[in-house]
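Undergrad: The chain contents come next:
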Amino acid sequence: MALLEIQNVSRRFGDFTAVDQVSIAIEAGEFFTLLGPSGCGKTTLLRMIAGFDLPDDGRILLNGEDLADRPPEQRPVRTVFQSYALFPHMSVEGNIAFPLQMAKTPAAEVPAKVQAALEDVRLIGFGKRYPHELSGGQKQRVAIGRALVTHPAVLLLDEPLAALDAKLREEMQIELINLQKEVGITFVYVTHDQTEALALSHRIAVMNKGRVEQLDQPAKIYSFPTSRFVADFIGKCNLLEGPVTASGNGVVTIDAEGLGPVRVASSAAVTGGKSGAIALRPEKIRVATSTSAVGATIAEPDRRPEAKPDGRSDTESNNHFRGTVTDHLYLGDVTVYIVSTPQGCKLETLLANSGAGRTKFFEVGDAVEMSWSVDAGHFIS
Amino acid sequence: MPGTSSHSAMTSRSSERFGKWLVSAPPLVYLLFFFAIPSLIMVLASFRTPGEFGGLSPLVEDGRLDLNLDSYVRFFTESVYAQIFVKSVWYALLTTLFCLLLAYPLAALIARSPKKYRDLLLLLVILPFWSNFLIRIYAWMIILGPNAAMARAVNGVLSWFGHEPVALLFSSFAVLVCLVYVHLPFMVLPLYANLEKHDQALLDAAQDLGANGWQRFRRITFPLSLPGVYAGAALVFIPALGIFAIPDILGGPEDSLIGNIIKQQFLETRDWPFGSVLSIVLTVAALVLAGLAAWVGRSQLGTRSSGALSRA
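Sequence lines, in order, name chains A and B.
Last residue of the first sequence: 380 (numbering that gives the first Met the number 0), numbering continuous.
Last residue of the second sequence: 311 (numbering that gives the first Met the number 0), numbering continuous.
Pulled out of the complex, with its shape left as it was, chain A reads as follows (with noise of 0.2 Å):
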């Protein structure tokens, strides 16, 4: 039996679900996230896990018992709030002492879980220190090793590095994987940041619109994503979408939009002529410079002999297709090349600028050709 039990749950505020009919089963230990854009309903789901909100439908279980009748203060779970909420008036020890005297622990045995506390989250030596005299990678920590001493069930974290710069945040990313391990309480967290939940989770919850799109690991969202708004969503992703004009031994292939047939590996059984999607992640594409004269042949797309009936010869299998550099983005470690075939489609391209002294493989203008393999994109219906 899992931990935590969402069951169908939903909440309507007047005319509007921001909440539907959502189903999610989170083990014990697990640090679990609930990813998708403001307004998706990620909010009002962990609010009501919290008991601040009550679901208008379904049920939320943990450890087998329905949580209906209990008010926030009598759940075994705890917040993290956005805006840390620390008591201004309180020391950190105060603030960290606050859930133990609410739970009527012993007097004496609070300093002692207090300190091990601040150990957890190393803040040693600044347990006299007041919320104002702490900076705000400081306030992160007193409220997760608040909301951490009286270990509850089920922590949950409400956005809480969305104030805090890049590099502290990644900072934080890190501790906050160990920290769960270390301490072993399922994490639920919410974020819109796509790469804070692959970096984070052992599990994605994908909502959009009050529903769940996706559930699972990060790497099975981000390489094989069920539907457009996950594809889109998580990380850059270029969608070929197009008619099926082909499928069957394990491949599907679509008459991509300004592209022409694109072939991809897929069990899907789909009949020909209905339309279908291709996600393709930036780094899959390979980029070469073109080799064939430019200009006279590049209005036809480079089309290579059809696939033999066994589909294994390494060339046969791949995509290939030629178009222009129109744009690049220099990113650092990375550049971004948007290559446009004459048809009009413009795929984004990803090259990593490992080379020495390397700062630029393409200009605008180059032709240049692409290729990916079968089942280096994925198919959606």
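Hints in this document: simulated from the structure, not taken from any laboratory.
All C-beta atoms, glycine included, are put in the ideal place defined by N, C-alpha and C.
Misleading hints may appear alongside valid ones.
If you anchor each label on the Cβ, the simulated ranges turn out as follows [what the hints assert, rightly or not]:
| no. | chain 1 | residue 1 | chain 2 | residue 2 | range |
| --- | --- | --- | --- | --- | --- |
| 1 | A | Gln73 | B | Lys114 | 46 to 54 Å |
| 2 | A | Gly63 | B | Leu291 | 38 to 46 Å |
| 3 | B | Leu93 | A | Gln73 | 37 to 45 Å |
Stretch by stretch, here's where chain B covers chain A in the computed footprint (C-beta under 8 Å, at least three residues) [unchecked claim]:
| no. | region |
| --- | --- |
| 4 | 16 to 29 |
| 5 | 59 to 70 |
| 6 | 90 to 104 |
Following the hints, put chain B in place on chain A, whose structure we already have.
TA: For chain B alone, coordinates are given in the frame of chain A:
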């Protein structure tokens, strides 16, 4: 050129300073003539001798300056004045306490009501200011009078228990009720200003961490509202200490407060030096108590109050 810019910066700075003086001069002149100078005159009067027919005897008589401590000696030797003084402080403290008990829930209610109703509710709190102070006190004479519904109800209940009827009017009860009524808005407004700024996230956090309603109030809301409590207490206590109209109109013979004695010294007994002494003692006492409250408040909140209300 750098020279030009620094020159123009200096001109703008000096003109800015001139502007500040221009703005603050009228109130400063006003305070000088109508507060500082009269206060000094009063201090001087407290050391002089009362005139034969009231007022003050000449400052210089037979070529010598007539200044003495007689009135101060009188205040500290005749115990009746110290007693009235203590009673005045006691009434002012009671007024402050009852105002706090009534105003806190009211201010919290207004601060938590929907934004569109808040202004209306605040208006209702200050509405009594629209009618004259004395008229409102006289209104209490009618409300508490022997033939009014309240007195009949109270005495009706008392007669059930075989108790003699009591008079509500001309009693310390009437004085206290009216003191609380008159000063209530001065407690509500600073409390509201404070409570309105409280961050709901702090209460959510406290609840999430296991605090029930009472614990949330005791540990979060009330400590954070202390600056408002202190401000309201000062605004109620200091005027309540010197009031004379309310005991005059609604009190019995035993209910004279220090304000009544001061008024009496100036207008009836016409002993100006002694009236001045009483006024000075009252002012000093108010200053000391207010300073003490501020000091207690600051040492309790410490430097913490600086970030207390920000949303971090």
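Undergrad: Each hint: holds or not?
TA: Hints, one by one, checked against the model:
no.	hint	verdict
1	A:Gln73 <-> B:Lys114: 46 to 54 Å	31 Å, violated
2	A:Gly63 <-> B:Leu291: 38 to 46 Å	58 Å, violated
3	B:Leu93 <-> A:Gln73: 37 to 45 Å	40 Å, holds
4	16 to 29	violated (count 0)
5	59 to 70	violated (count 1)
6	90 to 104	holds (count 4)
The earlier numbered hints that this structure contradicts are 1, 2, 4, 5.
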